[in-house]
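**Q** Here's the letter readout for the chains.
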Amino acid sequence: MTSLSEQFGRDEWARFTLKQRMMRYAILLGCGLVIAWALTSIEVIWPWVWGAPEQIGDLFGRMYPPDPSNLASILAVLWDTVNIATFATAFAVLLSLPVAYISAQNTTPNRATLWLGRLILVTSRSVNTIIWALLFVAIFGPGVVAGIIAIMFRSIGFIGKLLGEAIEEIDKRPVEALEATGASRFKVILYAIVPQVMPTFWAVAILRWDINLRESTVLGLVGAGGIGIVLQGAIDTFNWPEVATILLAIIALVIIGEVISAFLRRRIL
Amino acid sequence: MLKITDLVKRYGDGDPVLKNLDLTIEGESVVSIIGSSGAGKSTLLRCINRLVEPTSGSINLNGVELTNLRGRNLRAARRKIGMVFQGFNLVDRLTVMENVQSGRLGYISTWAAMTRRYPKEDIRRAFQLMERVGIAQYANTRADQLSGGERQRVGVVRALMQEPDILLADEPTASLDPKTSEQIMGLLRDLAGELKLPVLINIHNVTEAKEYTDRIVGMRYGRIIFDDKPDMLDQAAMDEIYAGSPHADRGKAGAT
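Residue numbers (this note's numbering), protein chains in the order written: chain A, 1 to 269; chain B, 1 to 256.
Just so you know, the hints here were simulated from the structure itself, not pulled from any lab data. Since we're looking at a predicted model, the values are computed, not measured.
Examples of chain B residues toward chain A, derived with CB under 7 Å: (1) R75; (2) R79; (3) M83; (4) L94; (5) S102; (6) L105; (7) G106; (8) Q162.
So the derived label-pair ranges between C-beta atoms look like this: (9) B:R10 - A:L264: 50 to 56 Å; (10) A:R267 - B:Q128: 34 to 40 Å; (11) B:K179 - A:R125: 51 to 57 Å; (12) B:Q128 - A:S126: 53 to 59 Å; (13) B:I123 - A:L264: 31 to 37 Å; (14) A:A262 - B:Y242: 56 to 62 Å; (15) B:D92 - A:L207: 22 to 28 Å; (16) B:Y242 - A:D171: 27 to 33 Å; (17) B:D177 - A:A262: 41 to 47 Å.
We put the CB at the ideal spot given by N, CA and C, even for glycine.
The shape of chain B in the complex, shown without the other chains:
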């Protein structure tokens, strides 16, 4: 269970990007976070695995308080949080297998990492997952040879190799065409069910959010203003989530 309480993130001394935010994710639900650019979706996700340092508040994953972890303990906690990125964030010059195995870097020895002698069970798991998402034939192909959809599959497998307790996806389909985008969303939903894994997805595409997720969280300028089943997201709620702009919310005139 992920429990976020009173989370604040402030860059410099400006207005906070996240304002006393509370959010709880239970069980193996697929939750999408929607909201316009600048609403703080990405910051929220990155606070969970501490790629962004929260200013104050609490983030608790399965009984472990994440906000005050340092060094080794932080790395141990990060191993249990998988992340999928908008730009895939693969290492282009490495093979698909090396990219996939880099999800295990937190577990294996430095020597094994350097010599690429991965444990047998890791290799087995990698092939199983790659087979599952349809990229097993590319194990020895360099990551930059793959298409966008295939690259995001590598990204997903890399995150799942961590055997995470939760999967975070930061606009995983924003760089993909509509068809591929639906495939990846379907894949995330199915994998969440198969692996009994809660998934938290930032997404711009509201149609996909409604179709592929169990719960929608609507953010507007650092606050959660909608949190319910997809069916409950009506036009009024949509208007409220997407009305105005961060500039307008900051109270500045002449918002574009």
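The following block holds chain A by itself, in its conformation from the complex:
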């Protein structure tokens, strides 16, 4: 390239050459065309879109004032929802420990177990909670049990994956030192690996509980227990004041969950 003395005195500089600039405009134009094509191909019924503000106003009008007459039963199913989230998280945490152990490269006993662990993680994570719920409602029938197991299945992948990565990132030197003392494999895990992944373990468990609380509120839509069932019922019967109460209850629950998990995070970590 040009030397410093050749550069000296120049007062023109451009980030891109003319050809590069033209290319960038062409790409931009191409992206615009693709978006325009996509918009025309999805058959939007424009009058409905333009009518949305009016509909929103109408809906709020019908929702207001919220009807608290069923508040007692709403709070009862809300408690179900909390239980679904909490039990599912607890079970998932326990079950994800061995999965994390076999899916971490540095602790897995052999290649077969490594792939088994990864298979479990991928299966669990690639299926949405709602789909799991549909499946387990078919197996266990509608209700809380199906909800708990659905959330548990989805959570095992999440917790197992993050915990497995935490195990892979540990400092290996203490492990080497304890192996050198003649400690058994299990004791090495107990003293050299567990203390190192403990902070991640708690952080992930709390985060997942937080997520599960939100997920369990929609499980009822497919009959898997919790507040969603009541919400579905109220929407189906156009009981908008009650829908409003339920939505407010869900928002309150999520905020409380947020506060609790923030508190736990501060206390434990």
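Since the structure of chain A is already known, use the hints to place chain B on it.
**A** Chain B alone, transformed into the frame defined by chain A:
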């Protein structure tokens, strides 16, 4: 007595890192191994407790052949070999007492290990050793709160908790400042005398090797080329040990 005969270690199919090496450590002598980086010092030490798997040859500690041990027998043999590391290799999030007691993991039950209910005599021994090296006041402190010298003392106590027949130290002072480094070397020498323990130390600092050890073994690219009293290590021997580089020894041009 540690007797190493015809030891070879080869990684992959390259040139061996240890080439038909023979070494005997008798009695309670403090032996230092010197040599430039890549000479195979660390590999030699790690072959003894099988953190590195020897390719061939024999390592015999007090009548037990170590090279073919497996599973339970290997762990039983490792209990008798203490090791001190360059990076201390403590578990940072555990207390000093837990780190020290982890030297006993090969002896105590899994339940005792899990619940931290250590045998009384182990606790007594731990306090005695910690008192001896000056870290007893830190028993309940987390290991990551300590300074480098203190952390290495924890490492030394952990190794001694094993009641080893031999102590291996892999550059125990390389991460420490000169003053602390001398303290740790002095400590290793004194403890070796007090506990009647042979100690094998890899070390870069030749001055410390001469001052604190009874015998110096000089390695150069997988071979022992010097083995004598510290006084015999003259400039010519030093030059031979530290001349060239592993690259040059491998016969490649352009060694740095």
